[in-house]
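Chains as they are written, first to last, in the numbering used here: chain A, 1 to 76; chain B, 1 to 76; chain C, 1 to 76; chain D, 1 to 76; chain E, 1 to 76; chain F, 1 to 76.
Honestly, I wouldn't trust all of these hints.
Lysine-lysine pairs mimicking DSS-like chemistry, simulated, CA-CA at most 27 Å apart [claimed, not checked]: (1) A/K41 to E/K41; (2) D/K41 to F/K41; (3) F/K41 to E/K41; (4) B/K41 to B/K30.
Covered stretches of chain D, as calculated for chain C (at least 3 residues, CB under 8 Å) [stated by the list, open to error]: (5) 4–15; (6) 24–33; (7) 51–62.
Just so you know, these hints were derived from the structure itself, not from any lab.
Keep in mind that this is a model prediction, so the values were computed, not measured.
For each residue, glycine too, the CB sits at the ideal point set by N, CA and C.
Spelled out, the chains give:
Number of protein chains: 6
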Amino acid sequence: MTDQWLDTLITATPQEGFELAVLLSRRSVKYTQPDLSILQKLRPEYADSADGLTAAAHVLALNFQTVAAANNYWRP
Amino acid sequence: MTDQWLDTLITATPQEGFELAVLLSRRSVKYTQPDLSILQKLRPEYADSADGLTAAAHVLALNFQTVAAANNYWRP
Amino acid sequence: MTDQWLDTLITATPQEGFELAVLLSRRSVKYTQPDLSILQKLRPEYADSADGLTAAAHVLALNFQTVAAANNYWRP
Amino acid sequence: MTDQWLDTLITATPQEGFELAVLLSRRSVKYTQPDLSILQKLRPEYADSADGLTAAAHVLALNFQTVAAANNYWRP
Amino acid sequence: MTDQWLDTLITATPQEGFELAVLLSRRSVKYTQPDLSILQKLRPEYADSADGLTAAAHVLALNFQTVAAANNYWRP
Amino acid sequence: MTDQWLDTLITATPQEGFELAVLLSRRSVKYTQPDLSILQKLRPEYADSADGLTAAAHVLALNFQTVAAANNYWRP
Numbered sequence: 001m002t003d004q005w006l007d008t009l010i011t012a013t014p015q016e017g018f019e020l021a022v023l024l025s026r027r028s029v030k031y032t033q034p035d036l037s038i039l040q041k042l043r044p045e046y047a048d049s050a051d052g053l054t055a056a057a058h059v060l061a062l063n064f065q066t067v068a069a070a071n072n073y074w075r076p
Numbered sequence: 001m002t003d004q005w006l007d008t009l010i011t012a013t014p015q016e017g018f019e020l021a022v023l024l025s026r027r028s029v030k031y032t033q034p035d036l037s038i039l040q041k042l043r044p045e046y047a048d049s050a051d052g053l054t055a056a057a058h059v060l061a062l063n064f065q066t067v068a069a070a071n072n073y074w075r076p
Numbered sequence: 001m002t003d004q005w006l007d008t009l010i011t012a013t014p015q016e017g018f019e020l021a022v023l024l025s026r027r028s029v030k031y032t033q034p035d036l037s038i039l040q041k042l043r044p045e046y047a048d049s050a051d052g053l054t055a056a057a058h059v060l061a062l063n064f065q066t067v068a069a070a071n072n073y074w075r076p
Numbered sequence: 001m002t003d004q005w006l007d008t009l010i011t012a013t014p015q016e017g018f019e020l021a022v023l024l025s026r027r028s029v030k031y032t033q034p035d036l037s038i039l040q041k042l043r044p045e046y047a048d049s050a051d052g053l054t055a056a057a058h059v060l061a062l063n064f065q066t067v068a069a070a071n072n073y074w075r076p
Numbered sequence: 001m002t003d004q005w006l007d008t009l010i011t012a013t014p015q016e017g018f019e020l021a022v023l024l025s026r027r028s029v030k031y032t033q034p035d036l037s038i039l040q041k042l043r044p045e046y047a048d049s050a051d052g053l054t055a056a057a058h059v060l061a062l063n064f065q066t067v068a069a070a071n072n073y074w075r076p
Numbered sequence: 001m002t003d004q005w006l007d008t009l010i011t012a013t014p015q016e017g018f019e020l021a022v023l024l025s026r027r028s029v030k031y032t033q034p035d036l037s038i039l040q041k042l043r044p045e046y047a048d049s050a051d052g053l054t055a056a057a058h059v060l061a062l063n064f065q066t067v068a069a070a071n072n073y074w075r076p
């Protein structure tokens with residue numbers, strides 16, 4: 001993957017930080033499986049399954065830990 | 001998702017922080033599956049299953065780690 | 001859930017901190033499934049299963065990380 | 001559980017800290033399932049299974065993170 | 001494994017840090033299974049499976065936590 | 001286990017730290033199952049399975065977090 005997609009972990013607000021964590025989670029999957037047609041095909045396997053959604057939320061929670069720490073938790 | 005739902009990680013009390021972690025966990029799932037009718041349909045898969053509940057508690061524990069750190073653990 | 005159940009993460013001893021982590025883990029499950037009769041019914045699914053017990057211990061370990069950090073690890 | 005089993009997270013050496021993490025992991029399981037005869041019966045389910053052993057190692061790794069941080073990693 | 005593959009956790013940018021986390025994740029697998037022909041054979045098991053991809057993303061998220069902390073989150 | 005196997009978490013380089021994390025992960029399994037003949041027998045269950053390898057990489061990632069923090073990430 002040669003495109004530039006991650007310039008900084010710093011965001012203006014917690015919600016933007018959460019959305020950056022979503023991006024990190026999606027990119028994580030693409031580093032393992034770059035073929036978008038396969039990813040598309042697999043989507044129902046996790047997006048329509050309670051276990052799959054919880055597992056995705058788990059990855060997101062870890063990435064949000066990283067982004068939140070990077071931003072000193074957006075403390076006022 | 002364009003609505004504003006996360007303005008701060010700072011809460012007045014640990015219990016409010018715990019409830020914010022619940023919100024983060026629920027929003028995590030919605031970022032992957034925004035269709036509420038599917039989420040409604042999947043609810044019994046995790047809410048009536050020991051494995052599903054433990055997995056949800058796992059995500060919540062991670063998000064509570066983040067919120068608690070943000071609040072310096074509400075130390076007196 | 002409107003009752004007040006979590007006033008502080010600070011405890012006098014590591015063991016009380018561990019027991020608070022147990023409470024956090026139990027409450028986590030109740031936020032997802034508040035119906036106690038269902039929780040009662042599901043108990044054998046995890047309490048009599050090696051996988052279920054290990055998964056519960058996993059959640060507890062995460063919550064103990066949070067409580068231990070909050071208390072500066074009860075360093076003397 | 002009323003016995004006193006956890007007085008401190010501080011240990012003299014990393015190896016003692018690792019062994020304390022083993023103890024924390026075992027106690028975690030006992031808080032969920034205090035019946036020793038059931039625990040005895042379940043032992044082969046995880047101790048003779050690759051998945052079970054890896055899951056137990058996972059819990060131990062988390063508890064070792066906590067104990068190691070408590071001891072400032074036994075830095076010289 | 002005697003080759004030198006990890007000289008530093010410090011990277012110039014977050015994206016390079018993310019890619020180092022990818023490398024750490026791949027190397028982790030090779031420490032357990034050094035036989036490349038087996039790894040090649042197993043690839044479809046995780047790269048074409050939603051559960052497998054999420055599990056791989058999970059490991060990557062943990063390694064990215066480590067690399068990001070090492071770099072003080074590339075704060076400006 | 002009475003042998004002395006863990007004297008310090010401090011290593012000269014990140015790669016030695018990674019290898020110490022491998023050792024911690026292996027020892028974790030032995031604390032639960034000390035019988036080497038059983039461990040030998042179980043090896044194909046995880047070393048020839050995508051899920052097993054990812055789970056082992058997960059434990060390793062956690063232990064590397066601990067070792068890396070102990071060494072202040074080998075920052076120059």
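- Message: Under the constraints set out in the numbered hints, which ones does this structure not fulfil?
- Response: Checked against the structure, no hint fails, so every one of them is satisfied.
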